[in-house]
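Here are the chains, one letter per residue:
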Amino acid sequence: MSRTLMSGNEAVARGAWEAGVVVGVGYPGTPSTEVLENLVGYEGVNCQWAPNEKVAAEVAAGVSVAGARVLVTMKHVGLNVAADPLFTQAYAGVGGGLVYLVADDPSMHSSQNEQDTRNYAAAAKVPILEPSDSAEALEFVKRAFEISEHYDVPVIVRTTTRISHSKSMVEVGEREERDIPEYHKDAGRFVMMPANARVRRVDLARRLNELETCVESCPENRVEMRGTELGVITSGVAYQYVREALPDVSVLKLGMTFPFPEALVGEFAAKVERLAVVEELDPYLMLRVKALGIEVMETGLPQIGEYSPGLVAAAFGAPEPELREPITDLPPRPPLMCPGCPHRGVFYALHRLKAVVTGDIGCYTLGALPPLQAVDTCICMGASMGMAHGMELIGSAEKPVVAVIGDSTFAHSGLTGLLNMVYNGSKGTVMILDNRTTAMTGHQGNPVSGVTLAGDPAPAVDLEALVRAMGVSSVRMVNPHDPGEVYHVLKEEVAAEHLSVIVAKAPCALLVREKADPFAVDEDACVKCGRCINLGCPAISKDPQTSRAVIDATICVGCGLCVKVCKSDAIVPSGAACDIGGRWS
Amino acid sequence: MSDVTTVLLAGVGGQGTILAGDVLAKVAVAAGHDVKLSEVHGMAQRGGSVDTVVRFGPQVFSSVVDPGTVDHLIAFEIIEAARKLAFVKPSGRLVVNSRNIQPLPVLTGTLSPPVGLIAALDYERAVFLDAEELACEAGSPRSANIVLMGAASVGLPFDEEAWREVISARVPPKTVDANLKAFELGRNACEGGACEA
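For the record, the sequence lines run as chains H and F.
Everything in the first sequence is counted per the working numbering, starting at 1 for the first residue and increasing by one.
Everything in the second sequence is counted per the working numbering, starting at 1 for the first residue and increasing by one.
Treat each hint with caution, since some may be false.
[Unchecked claim] Straight-line C-alpha distance at most 16 Å; calculated EDC-like pairs for lysine to aspartate or glutamate:
#1 H:Lys427 - H:Asp482
#2 F:Lys89 - F:Asp3
#3 F:Lys181 - F:Glu124
#4 F:Lys89 - H:Glu398
#5 F:Lys89 - H:Glu320
#6 H:Lys290 - H:Asp248
#7 F:Lys89 - H:Glu325
#8 H:Lys564 - H:Glu492
#9 H:Lys528 - H:Asp569
[What the hints assert, rightly or not] If we take Cβ atoms under 7 Å as the criterion, some of the chain F residues that face chain H in the derived model are:
#10 Ala30
#11 Leu37
#12 Ser49
#13 Ile79
#14 Arg83
#15 Thr108
#16 Pro114
#17 Ile118
#18 Arg142
[Unchecked claim] Here chain F is said to cover these stretches of chain H; the calculated rule only asks that three of the stretch's residues, wherever they fall, bring their Cβ under 8 Å from a Cβ of chain F:
#19 225 to 236
#20 541 to 555
Calculated from the structure, these hints are not laboratory results.
All C-beta atoms, glycine included, are put in the ideal place defined by N, C-alpha and C.
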């Protein structure tokens with residue numbers, strides 16, 4: 001045993017490895033991504049990115065049925081995609097232990113919603129564990145495998161951003177090597193046709209019944225008695241905020257929150273004068289406590305966004321700390337496309353086209369922000385093409401609709417959207433922004449880029465051939481660093497009476513190691529038109545005095561996009577030495 | 001929780017706050033403390049505001065912090081220093097990189113650059129240093145984050161040798177010398193009380 005500092009994601013990977021996991025599979029999604037990126041570094045585990053979470057869960061189901069322990073990872077919205085296999089896997093049960101690591105994102109640091117995965121556990125009728133720090137993340141993952149095999153059910157381990165991305169001390173142990181039993185066909189359990197499913201539905205009720213006994217006495221659910229005046233029921237990272245803000249109160253710390261430990265809650269409630277519930281997001285625990293007829297104190301704590309110790313302290317009447325006078329009216333600093341980003345030229349062309357753009361999930365969602373503001377919609381992974389088709393059914397010919405989707409997202413859930421456009425006679429236009437990686441989550445390989453999680457080469461999908469094979473006759477390739485070319489091809493294709501796919505292929509700027517020489521503005525030639533500034537490149541600014549463009553040579557990567565949009569040839573190669581001036585004022 | 005020390009590293013995506021926070025956390029672990037570190041990855045990393053919290057002491061519960069609770073603010077950029085000011089205790093310490101990265105709405109001329117921030121932070125007893133200049137002097141412009149940790153180290157209860165060991169183990173092997181030099185230059189800039197609030 002040794003103690004070390006680990007993030008929650010690192011601890012989940014370590015726990016899975018110690019539990020003898022043989023396969024790890026998932027789809028990248030903040031804040032879950034680093035689990036598999038760490039697990040792949042351990043001996044004896046085959047780790048893979050799947051094209052999406054549903055496929056990942058199905059691969060995991062196969063590993064489990066074949067008798068081995070398997071971890072499947074995703075962010076909260078990924079479970080929407082994987083919900084189909086999960087709900088029925090609960091009926092079928094498991095062979096080897098099957099654990100879902102699902103990372104929620106309260107406050108939506110890097111997500112489109114903040115759904116609470118505990119509701120899924122209750123709906124799918126599978127146990128859920130909620131670690132409150134890295135040490136518990138490691139321990140709970142190991143326990144989850146035991147529970148999965150003992151009770152014959154998949155188990156969800158739910159983290160949140162502050163668990164996944166916070167580091168704290170963990171005790172690491174050794175790996176438990178496990179023999180994989182010989183496969184025996186068991187159609188009654190694993191062929192979920194109605195006659196079998198009806199039997200397994202009843203069996204799931206039996207298994208849940210046993211789990212209901214387990215949660216009343218399992219070590220994950222514990223009472224910490226201090227004073228009797230106030231008791232708090234809490235779970236996950238909220239436990240840490242309660243301990244910090246209210247060090248003297250008694251706490252019922254719930255580590256396994258489905259099934260819900262009704263008797264334990266009742267006993268705890270009877271020991272304290274007032275009872276409160278502190279949990280992030282939905283009133284999952286609160287509603288279940290109230291359903292027992294137990295009176296719960298109103299704290300006014302929100303059901304939106306993440307908590308903090310100060311928020312919890314204030315809800316229980318603690319005085320505000322003394323504060324410095326804040327400095328107000330500061331300009332916001334939104335995230336932005338990197339210098340040299342290949343998406344920028346595409347959104348410049350779409351902006352110029354005045355197209356309605358149905359967007360998708362990835363770095364290119366940033367095309368919705370000023371100055372280009374070239375994206376109209378972004379709902380979920382793969383939605384761009386379905387939504388473009390829907391808008392086409394209602395829209396007018398004057399306002400072209402263009403769907404925009406990245407390479408990894410296209411592989412994730414874009415194929416069916418495009419197939420629908422082919423099938424239903426769409427005359428729409430689709431752009432696939434192929435930057436050769438899954439960029440936003442930190443550059444994971446995908447089936448289009450042809451790199452595996454382990455960093456090995458894989459067959460890279462030929463997007464052009466794939467799209468043609470699906471029945472799209474017009475497939476065009478464009479250089480995203482040439483917005484003029486992108487604009488003219490787009491203009492032709494939106495006017496054409498057929499469905500077309502335009503593939504804009506250039507690697508993510510962060511993958512390009514060799515930077516070209518930076519450019520500079522020829523002050524005499526600059527006519528202050530603002531075209532280059534409207535690209536929204538962090539290397540280009542408007543001089544407050546002269547209104548001319550200025551290029552910061554320390555940030556410019558020499559992509560040349562601004563050279564192509566400048567009408568007065570005012571942007572020229574710069575021989576200037578790269579001193580540290582420029583953006584640093 | 002007065003026996004817990006809270007350090008907030010504030011900067012802009014890409015400035016190296018995550019690595020700097022990791023170094024500090026490991027130094028605190030080596031000194032026998034309970035430690036928690038919190039950071040946010042993902043979309044904000046693309047040039048947005050980012051912050052890393054490191055807390056250490058006998059027992060640390062929360063990894064996130066509230067206004068009025070930070071003992072040391074290490075700001076990698078002036079606007080971010082100003083943005084996080086209210087998080088710092090009145091008795092807290094501010095170490096601020098005197099450089100300025102304008103956000104996109106300012107670069108495009110949509111918003112005016114903020115004025116008077118240095119004066120306002122100076123009034124709050126901030127200590128300024130030019131981390132980029134010192135990083136270049138150390139031999140690597142990318143080591144500005146370690147310069148700032150050198151400056152931070154003066155007010156933190158850890159041996160200089162512990163810092164050097166962690167830095168050597170944590171940065172890319174080819175940059176160890178430059179980063180150790182960066183640490184020393186940042187530390188020297190603050191020694192002799194220059195960085196004391």
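Results for each hint:
no. : hint                : in the structure
1   : H:Lys427 - H:Asp482 : violated, 25 Å
2   : F:Lys89 - F:Asp3    : holds, 14 Å
3   : F:Lys181 - F:Glu124 : violated, 29 Å
4   : F:Lys89 - H:Glu398  : violated, 58 Å
5   : F:Lys89 - H:Glu320  : holds, 12 Å
6   : H:Lys290 - H:Asp248 : violated, 24 Å
7   : F:Lys89 - H:Glu325  : holds, 11 Å
8   : H:Lys564 - H:Glu492 : violated, 20 Å
9   : H:Lys528 - H:Asp569 : holds, 12 Å
10  : Ala30               : violated, 10 Å
11  : Leu37               : holds, 4 Å
12  : Ser49               : holds, 5 Å
13  : Ile79               : holds, 6 Å
14  : Arg83               : holds, 5 Å
15  : Thr108              : holds, 5 Å
16  : Pro114              : holds, 6 Å
17  : Ile118              : violated, 11 Å
18  : Arg142              : violated, 11 Å
19  : 225 to 236          : violated (count 0)
20  : 541 to 555          : holds (count 4)
Hint check: violations occur at hints 1, 3, 4, 6, 8, 10, 17, 18, 19; the rest are consistent with the structure.
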